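Peer 1: Assemble the whole structure, with the sequences as input and the hints as a guide.
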Amino acid sequence: MSTTSRLKPLKPLKALTTFRTFTAATGALAAAGLAAGAFSAFSRMHYRRSASATLVEYGTLPVKKLTSRVPITERIAWMANRPEPRRAVAFPAWGRLFYDLERNEDDGMPVYTLRPHSPSDTIIVYLHGGGYVSTAVLPHSLLVDTLARKTGADVVMPLYPLAPHHTWQEAHQLVLNLYLRILSENPDKRIILMGDSSGGGLAAVIALSLAERGIRQPDELILLSPWVDVTHTNPDIADYVDVDPLMAPDPLTVIGQTWAGETPTTDWHLSPIYGDLSALERVTTFVGSREIFLPDNSLFHAELIKAGAHSTLHIGENLNHVYPMSPTPEGRRAREEIIRIITGSPAVENRQPDQTDQTGTARTPA
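Heads up: the sequence shown is residues -30 to -1, 1 to 336, going by mature numbering (1 follows the signal peptide of the UniProt record, and there is no 0).
No lab work stands behind these hints: they were computed from the structure.
In this text, all values refer to a predicted model and were calculated from it rather than measured experimentally.
Check the hints yourself; a few may be wrong.
[Unchecked claim] No more than 20 Å apart at the CA atoms, straight line, and that leaves these computed lysine to aspartate or glutamate pairs for EDC-like:
1) Lys120 x Glu182
2) Lys120 x Asp189
3) Lys159 x Asp206
4) Lys34 x Asp212
5) Lys276 x Glu155
6) Lys120 x Glu72
Peer 2: And the structure:
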């Protein structure tokens, strides 16, 4: 015999409390939705970018203010007087479903290799940023993870020596030796050399060093907001200081001098914009329009074109430093373009205007 349970009706007071709770929750959700919509509209109207891109910028604003409270010389001295930290990088756990993760020492330099389970004909050598004083962090490992999963390529990321305990010579020699070993062991594979910020500057230096030795260029050189001139003498930089939420030229100039050691900062091993760019072949640069590196990146692009290189400049309109690494729609589109370049897929037509500017002309921010 089947039985049917009957729900007891709520008492009037409890029913009223439940109704009020439901109404309050619904109202809160509606208010949150309206606030999110209003902020998104504000971001689109005022900055012409996604709300998440605006949140990323707002989130970095305290960094510039906090770091400015302590003179950069004091910070460097403090770092120099402390033992050099052991360096390690955490990678997403899900990555093990797609690739094997290895950590090895190459002449004492930690090197991470992401090796997808299926054989690949492409190797990406990725040089992390951090102003030559900071090691790779989570955004770097997330980007490297994405590259390995989406392209199927092996990805090699060395943790090269950093200032103030080291200068450019040690990092340059170790990274160059690593690259040459990868090239000699994989002569038939495509080699992609890639880096962000200071790592992008170092990647350009490595490409110039290969040219100096008569060694084949990377199949693609991909640079994310590369630091191509540590002197910061470009007068156009002044137009971007106030809109860059993260970086200021004066502290970076001091860091560049620390990285240089006894070498003049105009040497191309430190500032690749002053090198012989005629031997570089395929270069793709991504840079935001709200960062102090835009003038030098635009000039670097122009000099590459003048030297005969195949150079493409992508300017993220109203976006910030290394925007392809950001968890934003604009960052995702930039990553898709990077993946397309690495895999050799056809170019996508009708690209979003916030992603690329093929003219490479620097503009003063509104």
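Peer 1: Please go over all the hints and tell whether each is borne out by the structure.
Peer 2: Okay, the hints, checked on the actual structure:
| no. | hint | result |
| --- | --- | --- |
| 1 | Lys120 x Glu182 | 33 Å, violated |
| 2 | Lys120 x Asp189 | 18 Å, holds |
| 3 | Lys159 x Asp206 | 40 Å, violated |
| 4 | Lys34 x Asp212 | 11 Å, holds |
| 5 | Lys276 x Glu155 | 34 Å, violated |
| 6 | Lys120 x Glu72 | 19 Å, holds |
Checked against the numbered hints listed earlier, the structure breaks hints 1, 3, 5; every other hint is satisfied.
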